[in-house]
Every structure is written in structure tokens, then in C-alpha cells.
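**Student:** Produce the complete structure using the sequences and hints provided.
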Amino acid sequence: MSKHIVCVGKSTLDQIWPVGDMPTSGGKFRAAGYLVLGGGMAATAAVAVARLGGEASFCGRAGNDGAGHMMQQELADYGVDVSQFKLFDGARSSVSAIIVDRNGERMIVNYPGGDIPDSADWLRDDTLNGVSAVLGDVRWMEGAARLYQEARKRNLPTVMDGEAASATIFSTLLPLVDHAIFSLPGLRSFSGGRIVDHAESLQAVRLRGCKVASVTLGAQGVLWLDDEGLHHLRAFDTPVVDTTGAGDVFHGAYTLAIAEGMRVAEAMRFSSAVAALKCSHHGGRAGIPTREEVNQFLEQQK
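If you count the sequence shown from 1, position 186 lands on 186 in my numbering, and the numbers rise without skipping.
Since the hints were derived computationally from the structure, they do not count as laboratory data.
Here the structure is a predicted model, which means the values were calculated and not measured.
No residue lacks a Cβ here, since even glycine has one placed at the ideal position from N, Cα and C.
Treat each hint with caution, since some may be false.
What the hints assert, rightly or not - Derived SDA-like pairs (lysine to any residue); straight-line CA-CA distance at most 25 Å:
id : residue 1 : residue 2
1  : LYS211    : VAL241
2  : LYS153    : TRP122
3  : LYS153    : GLU74
4  : LYS153    : PRO175
5  : LYS86     : ASN103
6  : LYS153    : LEU123
7  : LYS211    : GLU142
What the hints assert, rightly or not - Pair ranges (Cβ atoms, derived):
id : residue 1 : residue 2 : range
8  : LYS211    : ASP237    : 29 to 39 Å
9  : GLY114    : SER83     : 19 to 29 Å
10 : GLN300    : ALA164    : 30 to 40 Å
11 : SER25     : LEU230    : 36 to 46 Å
12 : ARG124    : THR24     : 26 to 36 Å
13 : VAL196    : MET1      : 44 to 54 Å
**Tutor:** Now the structure itself:
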């Protein structure tokens, strides 16, 4: 029986332009294509869960506008439950412009949306019925905190996508989280703007109450600290076309793996493979592999 993961947080609409070289000044530049796709940390993680054979629900907010309806419909088309993806009248949805160069590196300009209420009071009381784990991002503190608290009551594992955020958000969410997985900018944000030592920073994260503190390092792999010490997993050697959404996909895969009972090291390896395969395609979601593709890839790495 597939595991049910609830993902709570950010959804955005990504407009993607692939280019040869990243622009460094003003002017006109020619794109090799143009894509309009749903994005956002928790929303893309939910798609990853569904693509990998899990049952996924997304809890989030957007404006009752064209972008909001496009995001909602795309998630539903991927098989994600969007019954608690609420579109608010009079609000404006989050939209991103993403330029991706030939090496897969990206420049993102995001409009975070406007007039979207922060309150999570409208989330239904039965949200976590039959759920195996909860993944939250730092973009909707109130929603993540509410579901983390309920998950703790039910003894469900909780995972946080640690991007750059305020000290208030970290101090609110980290005590409710079992697994905190940061991007490097996110860990730098937690550490007050700079990192002297990765292990030191991860230890500071663990002191907030979580069991596993981790940072994804792109081509350098992933580092994590748990009760058994500091661990490092090298990145898989795969062609990189587009890194958009790689971290989001990693988080979705990791949460599903933990819900399925994988040990942390196994979950890290599985998630790294999923993210590596995604990076070989354009778009934050279009390149997410199936479970069969991931299993075949991992078998080839032995």
C-alpha cells in the first residue's frame, strides 16, 4: 500500500526561458524555448511524491486568478489532491521568471503574491487522517506549524525544507521537525548570513530539537548530522540540463522514503538519485523520474 504524504507550503507559477549564456547586463537576449509550469517548494515536492508512487496532498494558498487556477489544475493532473489548496478572492498568486543557461544554472525572479491571508485556521481537522508523514517548507509558517503540531500528536515523521527565512520562522518550526534539510543559502540564512563550518551549523540546527540536520550541496552531494555523527554522500555523476526544482524533488523523495521506513542513509541516496535524474531535463516537474526509473538507475550504480 502506497504511503500518503501531506506537503504544506509554497506554490508558484514558473515561466522558464532556456538560454545559452546567463545574461550579465541589460539588453535583449534570445531564448531557446519557453515553458510555463507549476513550481514552488512544497507543491513540487508533492508532485515528486506522486510520480514516485506515493499518495500526495498539497495544502497551500494562492490567488483566485489565472495563475492560481493553472497551478491547481496542473497539480491535480499529476495526481495530487488539491482539496486544501485554497484560492482567495482579491489575492494575487506567486509567479516566477526563471532563466536557465546551458549548464543548468538558473536565475530566478519571484513575485511572492499579494493579499494572501497567513492564517491556517481553514485547514480541515481531518487533514492528517491516514497520512504517513508531513513535509513543510518555510514559506507558510502558520500552515506548516499547524500540521507539524498535529503530526507530533499522531507520532508522524516531519520534514522541513530549509530555505532562507527569518529567525522567527526557524525558531517556530525547527522544534516541531524531525528532519531539517537545508539548501546552502538556507543554512547560511539560519547561521546569520555566513557559515564558518558546516558541521557546526548543522549541530546548531539539531540543538533546536530535530533528529537529523542536513544540507544539500549540489554537485558536492549532501551532508547530514544525526545521532551517529556526520555523514557525506557524493553526488551522482549525471548530465545537468536544468537544476530548477532539484531541491524540492529531493525533499519530496526523502519524505516518502522515510515514510516507507528507509534508514536515513538509504533515504539520502534514494533522494539524491531522484534529484540527479530530474536535473537531466528542463522544468522543475517535467523531468521528475518514475519509481521504476529511479530503481533502474540505482541498480546501475552498484
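**Student:** Okay, SER25 versus LEU230 on CB: inside 36 to 46 Å?
**Tutor:** 42 Å, holds
**Student:** 30 to 40 Å was suggested as the range; check whether the CB atoms of GLN300 and ALA164 agree with it.
**Tutor:** 35 Å, holds
**Student:** So the hint says 29 to 39 Å: do the beta-carbon atoms of LYS211 and ASP237 match that?
**Tutor:** Holds, since LYS211 and ASP237 (Cβ atoms, about 30 Å apart) stay within the stated range.
**Student:** Taking only the CA atoms, is the gap from LYS153 to PRO175 under or equal to 25 Å?
**Tutor:** 14 Å, holds
**Student:** Can you tell me whether the CB distance of ARG124 to THR24 sits inside 26 to 36 Å?
**Tutor:** For ARG124 and THR24 the Cβ distance comes to about 48 Å; the hint is violated.
**Student:** Straight-line Cα separation of LYS86 and ASN103 no greater than 25 Å?
**Tutor:** 36 Å, violated
**Student:** CB of GLY114 to CB of SER83, is that within 19 to 29 Å?
**Tutor:** 24 Å, holds
**Student:** Honestly, do VAL196 and MET1 meet the 44 to 54 Å range at C-beta?
**Tutor:** 46 Å, holds
**Student:** So if I understand the rule, the pair passes when the alpha-carbon distance is 25 Å or less; does LYS153 with GLU74 pass?
**Tutor:** 32 Å, violated
**Student:** Does the alpha-carbon distance linking LYS153 and TRP122 stay inside the 25 Å limit?
**Tutor:** It holds: about 19 Å lies between the C-alpha atoms, which stays within 25 Å.
**Student:** Check the hint pairing LYS211 with GLU142 against an upper bound of 25 Å on the C-alpha distance.
**Tutor:** 22 Å, holds
**Student:** Straight-line Cα separation of LYS211 and VAL241 no greater than 25 Å?
**Tutor:** It is violated: about 34 Å lies between the C-alpha atoms, which goes past 25 Å.
Checked against the numbered hints given earlier, the structure breaks hints 1, 3, 5 and 12 and satisfies all the rest.
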